[in-house]
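Enquirer: One letter stands for each residue in the lines below.
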Amino acid sequence: MARRIIAAPSVEGPLLVVDDFRTHFRTDGGTVRAVDGVSLTLERGRTLGIVGESGSGKTVLSRSIMGLLTARNVVRTGSVKLNGQELVGASNAEMRALWGTEMAMVFQDPMTSLNPVMKIGRQITEGLRFHLKVPKDEARAQALSLLESVGIPDPKRRLDQYPHELSGGMRQRVTIAIALACGPHLLFADEPTTALDVTVQAQILNLLQEQQRERYMAMVLVTHDLGVVAGRTDEIAVMYAGQIVEKAPTSTLFANVRMPYTEALLKSIPKLEQPSHTRLQIIGGRPPDLVNPPHGCRFAPRCPYAQPKCHAEMPPLVEAEPPGHEYRCWFPVGTEAGREALERNLAEHVPAAEAAVTGDSHAAGLVDTAGLVDTADHGGEA
Amino acid sequence: MAGTGTAHLRSGEDVVLRVEDLTVEFHTAAGTVHAVSGISLDVRAGETLGLVGESGCGKSTTGRAIMQLPPPTSGQVLFEGKDLASLSGQQLREVRTRLQFIFQDPISSLNPRRKVKDIVAEPLRIWKRGTDAERRARVAEVLDAVGLDPTVAADKRPHQFSGGQCQRISIARSLVLEPTLVICDEPVSALDVSVQAQILNLLEDMKERYGLTLIFIAHDLAVVKNISDRVAVMYLGKICEVGSPDDLYATPAHPYTAALLRSIPVPDPTVPPAQTGLLTGDLPSPLDPPSGCRFRTRCPNAQERCAYEEPQVRPIGDEHYVACHFPVHGADAPAGEVPVGVTGSTA
Chain A
1441 MARRIIAAPS VEGPLLVVDD FRTHFRTDGG TVRAVDGVSL TLERGRTLGI VGESGSGKTV
1501 LSRSIMGLLT ARNVVRTGSV KLNGQELVGA SNAEMRALWG TEMAMVFQDP MTSLNPVMKI
1561 GRQITEGLRF HLKVPKDEAR AQALSLLESV GIPDPKRRLD QYPHELSGGM RQRVTIAIAL
1621 ACGPHLLFAD EPTTALDVTV QAQILNLLQE QQRERYMAMV LVTHDLGVVA GRTDEIAVMY
1681 AGQIVEKAPT STLFANVRMP YTEALLKSIP KLEQPSHTRL QIIGGRPPDL VNPPHGCRFA
1741 PRCPYAQPKC HAEMPPLVEA EPPGHEYRCW FPVGTEAGRE ALERNLAEHV PAAEAAVTGD
1801 SHAAGLVDTA GLVDTADHGG EA
Chain B
470 MAGTGTAHLR SGEDVVLRVE DLTVEFHTAA GTVHAVSGIS LDVRAGETLG LVGESGCGKS
530 TTGRAIMQLP PPTSGQVLFE GKDLASLSGQ QLREVRTRLQ FIFQDPISSL NPRRKVKDIV
590 AEPLRIWKRG TDAERRARVA EVLDAVGLDP TVAADKRPHQ FSGGQCQRIS IARSLVLEPT
650 LVICDEPVSA LDVSVQAQIL NLLEDMKERY GLTLIFIAHD LAVVKNISDR VAVMYLGKIC
710 EVGSPDDLYA TPAHPYTAAL LRSIPVPDPT VPPAQTGLLT GDLPSPLDPP SGCRFRTRCP
770 NAQERCAYEE PQVRPIGDEH YVACHFPVHG ADAPAGEVPV GVTGSTA
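Protein chains in written order, with the numbering used here: chain A, 1441 to 1822; chain B, 470 to 816.
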């Protein structure tokens, strides 16, 4: 086995602490509050899943923590501490010292995240040579062992190939090798398998998990697919309209959903164990405009449980039993208050509640063409 | 598998579409791409046929070849009893009024410069159906049916709608001529899960309201199961397995179907992700597909026989067909040839 750089726990305390972190984009149409007050903590060696639909801010959050949003219209406030070091306001030079060696990222699309005119070997050794000043021959030997460890057959030949000579799954293995090269303590995987076929997805997710355990590395797995995070994370944060709306240890979240949005998301996924032609529950309407988000709960306009209070007052992220389970809701699922709220809405034929029960957005009048915005929020992960 | 044969085809008058031995090849500088190689399918009136497989399996090419976009290299496409390949351009255009297509990307499949009412009315205009007033009424009716308020939506352009709403417009356009058969090519894969559920429910409603027959092409097995009455699994241009969704998903007979089902991440933390029985390696090149069974290079059950003899589609249960010499369920492979671990691999 060739030499490998293993991350060792050095400093006490959590690896990553994000506190009331905001990332806003100033645009001609107003300030887009893409990430709006996110707080989270990640311990060494643990995996956090960030789940949300397109436009929820999950990708902006991870890129903004990494310091990859450097355009002049980006406003970052709040605090992000990695190993105690403040990253908000850090200069590019300071960030460069952290990229690769402290934190790294695997992007969604392996076709575009690799340089098409640079050989695979050089793309892997680039970080080693730049950050760790590894001599050329040694860097190449390390690249070879990295390719081996990410499961690329015939790694020696691959070193001298270009990305287009590899399949999508193989390219994603290469981007993982690049991200792991300098032994980061924190790995962001932003939709690492969305562009891949399901059989390849399973291979890549297993690889990430195996590498993470072996290196005692913390991982943030960003995805829209609750299936992807269910079996592979310690904790999950569900994002909606720039905020975390529910956060809990993975098993607690699935067993004990409190936030109506999480419940709706889970119920709208077709499941293999359901018989065919099972009517799916839907979430009517569409996510709010992040320039002028609703005053109250941001999910209230689409929520089957919503009451007048929800439209008026934003619920805080509160901690529930068991400890570690936080949610943002006045009338949580599975509580007396939530049950009563839903019953009241059904009795009063509130569209969102009826849509959730019948799966019919049309009859419920929820397809609101009146509130059309001018930006097409193309679904999926662009 | 990955075999040929027609054992799974049904007879009877209610078969709307019958595809026999369909082959599509593309000639490129690098050689001949064997995109679809001798597949046979049929769809009964009012049925939804799900066509599922990973990228490169030929599912979209099959859908397009049925539409004659472009015409297949060989094979028959019988729609309403007529072979589409034998029709003239004019006759084919006429047939396509009853044979519609919904594309994957709802935004790029709508002309950004045109208003929704013109996009939806275009098929009516081309075929000179009705008066202007009748057309307007028809457009309003289908827009309303797909859940868009015609008074608001008609004068807007596609960029003013979300992805899910654009897909509703596409559906409205495909329904305006009252087609018999609609081929949906990955209609929900560009959409978020909550929107995906809306569109799947809408397709079920439209099917009932307009008496449609659907071919639903997708890579997501759970989505296909939800909407289909019959599912055909494809791999590298061949059919692996055909069956009713409940049956096929509960007892997959083809090793590829079984591996595919095992790979799907389950939204339940008590189900640990499969670490074994997953496929390894990549899809072989369709420029030079493997001999015999095309799946043999990645198949856990592959034997010598698979390399020289292509499996034919054969019945393995009630309305359940498989193209495999060594299926994982209800195996009736010749004695002595059953590889060790066949049953174990289904666990």
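Calculated directly from the structure, the hints in this document are not laboratory data.
Positions of the beta carbon are idealized from the N, C-alpha and C atoms, including for glycine.
Accuracy of the hints is not assured; some may be wrong.
Distance condition first, Cα-Cα at most 27 Å in a straight line; then the derived DSS-like pairs of lysine-lysine [what the hints assert, rightly or not]:
1) A/K1707 x B/K676
2) A/K1596 x A/K1573
3) A/K1711 x B/K676
Covered stretches of chain B, going by a simulated chain A footprint (3 or more residues, C-beta under 8 Å) [what the hints assert, rightly or not]:
4) 660 to 667
5) 686 to 695
Enquirer: Apply the coverage criterion to the stretch 686 to 695 of chain B and chain A: a residue qualifies when its Cβ sits closer than 8 Å to a Cβ of the chain, and three qualifying residues are needed.
Expert: holds (count 7)
Enquirer: Against chain A, does the stretch 660 to 667 of chain B show at least 3 residues with beta-carbon separation below 8 Å?
Expert: The restraint on the stretch 660 to 667 of chain B holds, since 8 of its residues have a Cβ under 8 Å from chain A and three suffice.
Enquirer: Would the pair A/K1596 and A/K1573 pass a check requiring their Cα atoms to be no farther apart than 27 Å?
Expert: holds (22 Å)
Enquirer: Under the criterion that the straight-line Cα-Cα distance not exceed 27 Å, is the pair A/K1711, B/K676 satisfied?
Expert: The hint holds at about 21 Å.
Enquirer: Please verify whether A/K1707 and B/K676 have alpha carbons no more than 27 Å apart.
Expert: holds (23 Å)
The structure agrees with every numbered hint stated previously.
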